[in-house]
Every structure is written in structure tokens, then in C-alpha cells.
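Each step along the sequence shown adds one to the number in my numbering, with nothing skipped, and position 172 is 172.
FYI, nobody ran anything at the bench for these hints, they're computed from the structure. One thing to keep in mind: the hints can contain errors.
[As the list claims (entries may be wrong)] Listed next, with one range per pair, are the computed distances between beta-carbon atoms:
1) 188 with 86: 39 to 47 Å
2) 266 with 73: 21 to 29 Å
3) 76 with 270: 30 to 38 Å
4) 59 with 116: 41 to 49 Å
Source: prediction; values computed, not measured. Think of the CB as a built atom: it goes at the ideal place given N, C-alpha and C, for glycine as much as any other residue.
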Amino acid sequence: MTAALNLPLTRSTGGALPAPTSVWPARIGRGSVAVGALAAGIGLWYAVTYLVLSPSRRFLLPAPHTVLTESLLDPAHLQPMLTALGVTAKVAAIGFLLATLIGVAVGALMSQAWWLERAIFPYAVVLQVVPILAITPLLGLWFGYSTMSRVAVCVMIALFPIITNTHFGFRSVDPGLHELFTLGRASRLQRLVRLELPAALPSILTGLRIASGQVIIGAIIGDMFFAQGRPGIGTLMDNFRAQLRSTDLIAAIALAAALGVIVFVACSAVSRLAVGRWHTSGGAR
Numbered sequence: 001m002t003a004a005l006n007l008p009l010t011r012s013t014g015g016a017l018p019a020p021t022s023v024w025p026a027r028i029g030r031g032s033v034a035v036g037a038l039a040a041g042i043g044l045w046y047a048v049t050y051l052v053l054s055p056s057r058r059f060l061l062p063a064p065h066t067v068l069t070e071s072l073l074d075p076a077h078l079q080p081m082l083t084a085l086g087v088t089a090k091v092a093a094i095g096f097l098l099a100t101l102i103g104v105a106v107g108a109l110m111s112q113a114w115w116l117e118r119a120i121f122p123y124a125v126v127l128q129v130v131p132i133l134a135i136t137p138l139l140g141l142w143f144g145y146s147t148m149s150r151v152a153v154c155v156m157i158a159l160f161p162i163i164t165n166t167h168f169g170f171r172s173v174d175p176g177l178h179e180l181f182t183l184g185r186a187s188r189l190q191r192l193v194r195l196e197l198p199a200a201l202p203s204i205l206t207g208l209r210i211a212s213g214q215v216i217i218g219a220i221i222g223d224m225f226f227a228q229g230r231p232g233i234g235t236l237m238d239n240f241r242a243q244l245r246s247t248d249l250i251a252a253i254a255l256a257a258a259l260g261v262i263v264f265v266a267c268s269a270v271s272r273l274a275v276g277r278w279h280t281s282g283g284a285r
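With the hints as constraints, model all of the structure from the sequences given.
Shown next, in the form of C-alpha cells:
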């Protein structure tokens, strides 16, 4: 027995512990794929413009360098679009804030009792499945054709993912933790604030990331329908379409897409900062 105790402790595999791998090669690989896809898309764009469209019809899809030089790099064209983009971003930010407050409150409320869930959730589903374009004219009749209606469109289009993810997060709390709080005679408010809300935070942030892209779409739709007040980027898009200004229209679409990407990346960064160290939903991608 003594000899057995004196045997050296070695790993059965006989090898050393693997060195920690860096995430940078994987990130570089994913970035290379994204750049390659972008290059392929631009190449296809050029092919359609110069090989498919006749010279008399190339105004329908101007080449990328034409959009760049005649719109995005021309201050006379770019400045009005940036101003309108700022208006759209402001509307989207207000709508996103309101949708967050309402969605988190409703999702948390649904999780507190089964009858509240059954009373609220069907109408949340109806709000999601009804086409927003069908409801938008009705919002104009209710709130007028100005900024308030644009904000209402943003709230409606962003509300459902926040509600459902918040509700899922609250309902997914570990039952063992609920029993622990019960043993500690925690009140309903203490259970909500100290247990359910922190546990639901990753799901809430996931809902916010989804809604962040949808709220930009809602703001642009509101711009197109409600032209009173300062014009947004959607208003300019509609004007460019009516005037057959394809170069400016594509540039405006590119700016709106850039805004959506920036908002999504910002929400993802907030998620990583908030829960990235202790939950997989906020980890590196």
C-alpha cells in the first residue's frame, strides 16, 4: 500500500494540459468570410449594372462607385440625408425606450400569475401578427400625422420580442432558488427584485437586441406614412423613389442600414458588459 501511495500522479493521457486557445483566429476567420461576402455582393452589383441592364436603364441600379461619388461623398446630397437620419434616429430612440419600459413591465406582469399570462399574451400575439402597414394609417387618425405617430409605430413593432423574452426570462428562474427564497420568507417584491429580475436579465437583453433592429424599421415606416414635421430618412427615400433618383435612394438605404447595424452592435456591447462574464448570451461571438 505504501508503494502505491508513492506512485507519481500523472494524467492518463500522458500529455500536458492544452494551452488556452485565442479567440482572435476565429474572429479573423469570421471577418474574412464577411468581407468576402461583401466583395461578392459588390461584384454581383457591378455585373447587373453593366452586363444585365442596358445603358438606357442603368439609372435604375447605378454602379457602387456612382453612388459613392455622386451621393455619399457629395456634401450637397449627403448633408440633407444625415440630417434626416438624425431625425429618424431620435424617433427610434424614443420608441425604443418606451417599448423597453412597456415590454419589460408587461412581460414581468405576465409571469406573476397564470391568469395574467392568459389575459395578455393573446393580444400581444395579435399585435405581432397584424401587418404594421395595415395599422399605420389608423395610428395617423388617432395621433395625427407627426412625430407621435412615428413613435407609436416604433413601439408597436418593437414591443413583442421584448415582452416574450422578458416573460421567458422570468419563467425560467431555477425552482430551487424560488424554494430558497420561500424558506427565507421573502416577500413578492423581494423575490421579484432580487431573484427574478437578475435571472431574467440575459433574456431581456436578448429581446432588446432583437427589438433594436425592428425599431429602425418602424421609424422608417413612420417617416414614409407621416410626413408632417421634420422629414426623416424614410421621407427622403419616398421622395427619391417618386423622383427616380436611384443614386440618392440607394445612398439613403445604405445610411439607414448603417444606423441599424450601429444600434444592434451597441445593444450587443451593452449585453456583453452586463452579463458577458456569467452568461453565454452575452459572451464573445
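Discussion item. Please check whether residue 59 and residue 116 have a Cβ separation lying inside 41 to 49 Å.
Written reply: Violated: the Cβ-Cβ distance is about 56 Å, outside 41 to 49 Å.
Discussion item. Within 39 to 47 Å: is that where the Cβ-Cβ distance between residue 188 and residue 86 falls?
Written reply: This hint holds: roughly 43 Å between Cβ atoms.
Worksheet item: Is it true that the C-beta distance of residue 266 to residue 73 lies inside 21 to 29 Å, as the hint says?
Response: holds, 26 Å
Worksheet item: Would you say the C-beta atoms of residue 76 and residue 270 sit inside 30 to 38 Å of each other?
Response: holds, 36 Å
Hint check: a violation occurs at hint 4 only; the rest are consistent with the structure.
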